[in-house]
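Chemist: Each chain, letter by letter, is given below.
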Amino acid sequence: MHAEPELFHYTLGLADDALVLGQRLCEWCSNAPFLEEDLALANVALDFMGRARMLYSHAATLEGAGRDEDALAYLRDCREYRNLLIMELPRGDFAFSTARQFLVDAFNLPFLEDLCRSRDPELAGIAGKALKESRYHYRRSRDWVLRLGDGTAESHRRLQRAFDEIWGYTHELFRAGEAEQRLVAAGFAPDRPALRARWEALVVPVLAEATLRRPEDAWSVDGGREGTHTEHLGHLLSELQFMQRAYPGLQW
Amino acid sequence: MNDSNASPEELLRRFQARIDAEQRIEPKDWMPEAYRRTLVRQISQHAHSEVIGMQPEGNWILRAPSLRRKAVLLAKVQDEGGHGLYLYSATETLGVSREELVEALHEGRAKYASIFNYPTLTWADIGAIGWLVDGAAIVNQISLQRTSYGPYARGMVRICKEESFHQRQGYEVILTLARGSAEQKAMAQDALDRWWWPSLMMFGPHDAESAHSAQSMTWKIKRQSNDELRQKFVDQTVPQAEFAGLVIPDPQLLWNAERGHYDFGPIDWEEFNRVVAGNGMCNRDRIAHHRRAHEEGEWVREAVRAHEERKRERAAQDAA
Ligand SMILES: [Fe+2]
Ligand SMILES: [Fe+2]
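Chains A and B, in that order, give the protein sequences. 1 is the number of the first residue of the first sequence in the numbering used here; add one for each residue after it. 1001 is the number of the first residue of the second sequence in the numbering used here; add one for each residue after it.
For the record, the hints were derived by calculation from the structure and aren't laboratory data.
20 Å max Cα-Cα, derived SDA-like pairs, lysine to any residue:
| hint | chain 1 | residue 1 | chain 2 | residue 2 |
| --- | --- | --- | --- | --- |
| 1 | B | K1185 | A | G249 |
| 2 | B | K1311 | A | V206 |
| 3 | B | K1311 | A | R140 |
| 4 | B | K1311 | A | R139 |
| 5 | B | K1111 | B | V1275 |
| 6 | A | K129 | B | R1068 |
| 7 | B | K1185 | A | F242 |
| 8 | B | K1311 | A | A153 |
| 9 | B | K1311 | A | E154 |
| 10 | B | K1232 | B | S1213 |
| 11 | B | K1161 | A | L39 |
Assemble the whole structure, with the sequences as input and the hints as a guide.
Modeler: In structure tokens:
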């Protein structure tokens, strides 16, 4: 099996996930509820940016077409972006960003643990580094879920509403298209559907401890991996890519 | 020694003797009330400047032109927030809480560096801020590493290391633009044109007109005068502009071999006073932004307090 084109698209999707979530986290800069939290959010954003850069560089190598990390990040439009929808949703209030971050961090732990065993040593190496960060991210976002869930009536209400609004976007974390399934079979990629039980074990008890209700699995939206996005992504990209689009082909 | 029987005159004499002997004043030491007030004013103004300064630079994080520049800029803005934190802690050693200082900022009673009332309109402004504004800040802060109040001096040592990193990164952005396309070079020149004079104003009024300077020099809160520091900044920055092939917007700028310094033209203090008085492009935006973030965060801070309270109650119950 010649894995390179499929591995390229797979890696690109992971890079898009990291960049798009990182960009959303950057939006908190100078907007956090207090200064210490502003700095902490910037740390997490920097971790995702670092991850995105490593993954884009690796994707560029796999593609071998002369594109670099910036060409991949700045010169693809909405339909070519492959991130999962949960990453692109607007930052919302602090409760929404907390709920999203917690659910994604809880997913990243089992996902990255398995990706550490990828047959692609480069991906395995990136996963190893990212896993250390994600352990810390998960502890942090879990603490916030506990504080806000078991805080005031208002914080509880806001956080519950956030989980209710975002829950339907979590199902996409556990789906894999045919190409990805071939990479799973060949030992390159973690098996997403099989990660759900480990994710739930990191999520459900924390919701209970935070006196929150586990939202119903009544609805789900997907399409990110196929380039079908919410209307929010185009605006995120127009800001992200402004300089490269307005002044093409220059070094900065 | 804090001899409680000593007369106020004697305490003041001993205080000044320690300063004259280059000894550091520490939080628990006796100090004149006016010394304490001057420090609170200066350090809190410095802290607010770091924090408000996050806004003009934060304005370009989402639009940074490459992933590397984005990460460097985000880390830089994060450093500035960290500087704000150290400095707020330094004011806490003088008995003033961060909450009080933030309230004063929101009510317009506290100042911050007026340069942050100018807008960042292009990517080149990010380079110009790092190069010129951080550059000017370092000149000032290196001198403050020897300030007489211990916690402030130690804070400066820590901060200076990061500022010089920022200055180099900013200059590197400008240099890249200056060596790029005609459009990029014009962008860099335009940024220099807009940021040069406000950077010179950062050092404050001329020594003769400076309201607080003389006393601050005696107390060694300030170690060098505004004009000395400004001259130092000009002398180190002119060759950098020349190396980049950019023109400093001052027709009177000229090397003076006799003085061993650059002569430069008059500063437009009317412009400075106009901006300080609230007529800058961004004065209201900066405060409104800070106030909005603070207000939007109120429910979060309340939740943190409530959660801590509940944890304490539970721990007390478990202990009983
Ligand atoms: Fe700073
Ligand atoms: Fe700085």
